[in-house]
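Enquirer: Given next are the chains, with one letter for each unit.
2 protein chains.
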Amino acid sequence: MENFIEKLSEAQKQELERQYAIYSNGVQEIVPAHELKNKIAKSLFTNQPLKIKLGLDPSAPDVHLGHTVVLNKLKQFQENGHTIQLIIGDFTGKIGDPTGKSVARKQLTDEEVKHNAKTYFEQFGKILDMEKVELYYNSKWLSPLNLEDIINLAASITVARLLERNDFSERLATGKPISLHEFFYPLMQGYDSVMLESDIELGGNDQHFNVLMGRHLQEYFGKEKQVVVLLPLLEGLDGVEKMSKSKGNYIGVDEAPHEMYGKTMSIQDEMMGKYFDLVTDFSLAEKNEIKEKLESGTLHPRDAKMLLGRTIVRMYHGEEASIHAEEHFKTVFQKGILPTDIPEVTWTGEESVPVIDLLVQLDLQKSKGEARKMIQNGGVKINGEKVEDLHLLLAIEDKMIVQVGKRKFVRIKK
Amino acid sequence: MENFIEKLSEAQKQELERQYAIYSNGVQEIVPAHELKNKIAKSLFTNQPLKIKLGLDPSAPDVHLGHTVVLNKLKQFQENGHTIQLIIGDFTGKIGDPTGKSVARKQLTDEEVKHNAKTYFEQFGKILDMEKVELYYNSKWLSPLNLEDIINLAASITVARLLERNDFSERLATGKPISLHEFFYPLMQGYDSVMLESDIELGGNDQHFNVLMGRHLQEYFGKEKQVVVLLPLLEGLDGVEKMSKSKGNYIGVDEAPHEMYGKTMSIQDEMMGKYFDLVTDFSLAEKNEIKEKLESGTLHPRDAKMLLGRTIVRMYHGEEASIHAEEHFKTVFQKGILPTDIPEVTWTGEESVPVIDLLVQLDLQKSKGEARKMIQNGGVKINGEKVEDLHLLLAIEDKMIVQVGKRKFVRIKK
Numbered sequence: 001m002e003n004f005i006e007k008l009s010e011a012q013k014q015e016l017e018r019q020y021a022i023y024s025n026g027v028q029e030i031v032p033a034h035e036l037k038n039k040i041a042k043s044l045f046t047n048q049p050l051k052i053k054l055g056l057d058p059s060a061p062d063v064h065l066g067h068t069v070v071l072n073k074l075k076q077f078q079e080n081g082h083t084i085q086l087i088i089g090d091f092t093g094k095i096g097d098p099t100g101k102s103v104a105r106k107q108l109t110d111e112e113v114k115h116n117a118k119t120y121f122e123q124f125g126k127i128l129d130m131e132k133v134e135l136y137y138n139s140k141w142l143s144p145l146n147l148e149d150i151i152n153l154a155a156s157i158t159v160a161r162l163l164e165r166n167d168f169s170e171r172l173a174t175g176k177p178i179s180l181h182e183f184f185y186p187l188m189q190g191y192d193s194v195m196l197e198s199d200i201e202l203g204g205n206d207q208h209f210n211v212l213m214g215r216h217l218q219e220y221f222g223k224e225k226q227v228v229v230l231l232p233l234l235e236g237l238d239g240v241e242k243m244s245k246s247k248g249n250y251i252g253v254d255e256a257p258h259e260m261y262g263k264t265m266s267i268q269d270e271m272m273g274k275y276f277d278l279v280t281d282f283s284l285a286e287k288n289e290i291k292e293k294l295e296s297g298t299l300h301p302r303d304a305k306m307l308l309g310r311t312i313v314r315m316y317h318g319e320e321a322s323i324h325a326e327e328h329f330k331t332v333f334q335k336g337i338l339p340t341d342i343p344e345v346t347w348t349g350e351e352s353v354p355v356i357d358l359l360v361q362l363d364l365q366k367s368k369g370e371a372r373k374m375i376q377n378g379g380v381k382i383n384g385e386k387v388e389d390l391h392l393l394l395a396i397e398d399k400m401i402v403q404v405g406k407r408k409f410v411r412i413k414k
Numbered sequence: 001m002e003n004f005i006e007k008l009s010e011a012q013k014q015e016l017e018r019q020y021a022i023y024s025n026g027v028q029e030i031v032p033a034h035e036l037k038n039k040i041a042k043s044l045f046t047n048q049p050l051k052i053k054l055g056l057d058p059s060a061p062d063v064h065l066g067h068t069v070v071l072n073k074l075k076q077f078q079e080n081g082h083t084i085q086l087i088i089g090d091f092t093g094k095i096g097d098p099t100g101k102s103v104a105r106k107q108l109t110d111e112e113v114k115h116n117a118k119t120y121f122e123q124f125g126k127i128l129d130m131e132k133v134e135l136y137y138n139s140k141w142l143s144p145l146n147l148e149d150i151i152n153l154a155a156s157i158t159v160a161r162l163l164e165r166n167d168f169s170e171r172l173a174t175g176k177p178i179s180l181h182e183f184f185y186p187l188m189q190g191y192d193s194v195m196l197e198s199d200i201e202l203g204g205n206d207q208h209f210n211v212l213m214g215r216h217l218q219e220y221f222g223k224e225k226q227v228v229v230l231l232p233l234l235e236g237l238d239g240v241e242k243m244s245k246s247k248g249n250y251i252g253v254d255e256a257p258h259e260m261y262g263k264t265m266s267i268q269d270e271m272m273g274k275y276f277d278l279v280t281d282f283s284l285a286e287k288n289e290i291k292e293k294l295e296s297g298t299l300h301p302r303d304a305k306m307l308l309g310r311t312i313v314r315m316y317h318g319e320e321a322s323i324h325a326e327e328h329f330k331t332v333f334q335k336g337i338l339p340t341d342i343p344e345v346t347w348t349g350e351e352s353v354p355v356i357d358l359l360v361q362l363d364l365q366k367s368k369g370e371a372r373k374m375i376q377n378g379g380v381k382i383n384g385e386k387v388e389d390l391h392l393l394l395a396i397e398d399k400m401i402v403q404v405g406k407r408k409f410v411r412i413k414k
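Chains as they are written, first to last, in my numbering: chain U, 1 to 414; chain W, 1 to 414.
Note that these hints are calculated values from the structure, not bench results. The model shown is predicted, which means the values in this text are computed figures rather than measured ones. Any given hint might turn out to be false.
In silico DSSO-like pairs for lysine-lysine, Cα to Cα no more than 27 Å straight-line [claimed, not checked]:
no., chain 1, residue 1, chain 2, residue 2
1, U, Lys-223, W, Lys-140
2, W, Lys-106, U, Lys-223
3, U, Lys-140, W, Lys-140
4, U, Lys-274, U, Lys-305
5, W, Lys-223, U, Lys-94
6, W, Lys-42, W, Lys-223
7, U, Lys-176, W, Lys-140
8, U, Lys-106, W, Lys-223
Based on the provided sequences and hints, a complete structural model is requested.
Expert: Structure, rendered in structure tokens:
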């Protein structure tokens with residue numbers, strides 16, 4: 001790639017530095033950083049937008065704040081006029097895992113893929129301007145590949161290089177099987193970049209190997225190499241593990257405002273800076289100001305966290321919902337009194353019910369097992385009184401208030 | 001596979017044992033032996049021929065005795081009514097090696113593949129009844145495979161299993177690159193067995209891994225598994241290395257009778273038993289008789305070797321040529337006199353010529369370098385006198401006899 005930086009005017013050079021500061025803020029790694037500058041320079045010099053790629057797994061369309069780290073970064077590129085290329089990995093989705101070993105990679109029908117893509121679209125629309133986004137299904141170019149094409153593709157990479165991927169080398173070393181077809185997933189992902197001539201690919205830090213494959217394959221096929229921007233992984237509410245739905249430590253972008261606000265308030269203080277950086281839409285200057293105030297003690301951590309909660313709710317539900325969610329939180333948790341908008345449920349069941357059954361029937365707990373645990377942990381109250389007997393038989397009364405955890409309430413109507 | 005052996009009549013069981021004794025004679029390994037018996041039993045019980053597969057590399061059509069080891073085994077199956085499936089690996093031939101690293105695997109055109117197949121056919125016709133042979137080009141089923149098919153194929157095998165192949169594990173251990181596409185060659189070879197539903201695949205002992213892949217893939221695709229019959233590798237004239245054209249230690253099936261006979265006479269005594277076993281058309285009883293006579297001393301090794309020479313020439317050039325070749329050999333080498341059929345060359349060159357140039361101009365040596373070595377080794381005679389001076393300037397005379405090595409003569413006409 002030729003050097004565009006040296007061709008820029010002084011004003012363009014300033015614009016280059018401005019954009020670079022935005023894009024490089026809060027990232028884990030840029031491979032390589034000087035090429036990102038040159039890509040921006042190319043865009044400024046040729047007056048053409050850059051193509052920014054993000055690949056999506058069509059089997060997991062529930063978007064949570066962990067995903068928004070990369071979406072917020074995409075948004076920065078979009079706000080500066082660059083083109084977002086979203087790729088639904090439907091080819092992989094439709095073939096599933098032929099060995100049937102991976103539950104996550106079950107075979108999807110065309111309808112499921114379309115449905116999941118739509119779900120992505122709706123959720124992404126809360127962050128990105130979806131009218132300007134380019135959407136691709138990679139089955140378009142992967143399905144027609146024949147054995148000769150694939151032999152050519154496979155010839156681009158050595159087995160040793162593939163075994164450098166952490167999970168592969170680990171599995172080989174510990175005798176856990178790697179099916180040969182698994183070697184093809186990074187190649188397919190990389191081939192997407194060849195077909196779309198992406199300038200930049202974004203990914204979570206755990207996608208390091210896969211997104212670099214795009215760079216490798218573009219070079220092999222004589223294309224300009226993409227720059228790889230790796231984003232940090234966001235720890236979930238537990239502050240330890242990567243946010244994920246399966247671990248239950250997530251805040252979904254589709255969750256109700258007061259749920260979202262309440263979960264945010266449960267984040268550990270030390271994580272707050274990272275959350276401000278990665279999941280809010282504050283400018284770089286604003287983020288720095290908050291961090292400075294926190295350090296100097298002029299901003300109380302509780303107030304900062306409430307700002308974070310308001311901001312997250314505002315981003316996904318709007319200003320009004322965010323104020324309401326904060327009020328709700330203050331009422332329930334800070335003042336220790338009941339909220340005013342407790343949902344009412346008309347009781348049509350037995351006159352008296354074991355408390356465990358009641359919780360499940362009211363949909364406050366998913367299973368008897370969970371209900372039992374919640375009682376044992378002291379998380380269940382009837383009319384404000386903690387339930388301590390697992391086998392308590394309750395006589396159902398009108399206006400009875402059942403509370404589970406800090407935020408779930410039901411008022412019984414009889 | 002169900003047990004057919006127990007369904008056979010006594011007469012059929014005897015026939016089974018007869019065929020098994022023939023097929024198992026002189027082989028390196030049968031994987032697994034009891035299944036070979038059951039395959040023969042199936043054929044006898046159902047009165048259907050077995051399908052016996054041999055894969056051929058379309059890039060190396062010069063057939064030498066090393067190849068005939070497996071062809072002779074095929075012939076035994078053919079003589080008992082089974083069907084030979086010859087597969088020209090034209091798919092691999094036509095794509096070549098995309099990395100361009102393997103000279104042996106250069107890309108072949110359709111014409112070259114066809115030409116090479118024809119060459120095989122002509123040469124194989126000296127051993128097999130080619131009218132009964134089924135010929136296949138594997139591009140027919142490999143070319144149309146798409147990425148989904150290939151992912152399915154690749155899912156059948158683990159990386160660890162592929163790395164068990166000696167050359168792969170060695171290369172990985174020593175840091176020599178293995179391109180991913182190389183993993184596909186054994187899979188493709190195995191897929192041929194799936195498509196052709198082969199009962200038995202033959203191969204040299206160095207093909208162990210590749211031919212077993214057919215067995216593995218047939219099982220994966222729900223077919224009856226083939227039995228693998230591995231033949232020993234034939235050492236060449238040097239008695240050390242595998243016979244191969246590139247090593248110059250071979251006897252080609254297309255070579256002239258007296259060349260073939262002479263080369264056979266240069267085989268080391270210890271190799272003779274193996275040659276009788278692997279490259280002659282003697283029956284098992286005849287082979288055993290020869291070996292016994294050699295051991296008891298009632299057959300002189302020289303006479304045995306002459307019988308071997310006559311037999312090989314007879315197999316490829318007929319009875320008359322074999323007798324003539326033996327006569328030629330006796331005349332030249334055993335009696336120490338000149339043969340009667342020395343080719344005459346009319347000399348049109350200079351009056352006097354350096355001996356090295358003469359050898360090259362008469363086509364007795366390919367290069368001056370080789371001519372020089374031959375003189376240094378004492379292998380050049382002019383009119384029966386050994387040439388000792390590398391720079392000898394010869395005055396060319398009518399009827400001058402130039403001899404190179406033991407078997408090349410030219411009489412100059414002037």
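Enquirer: Would you pick out the hints that fail for this structure and give their numbers low to high?
Expert: 1 and 7
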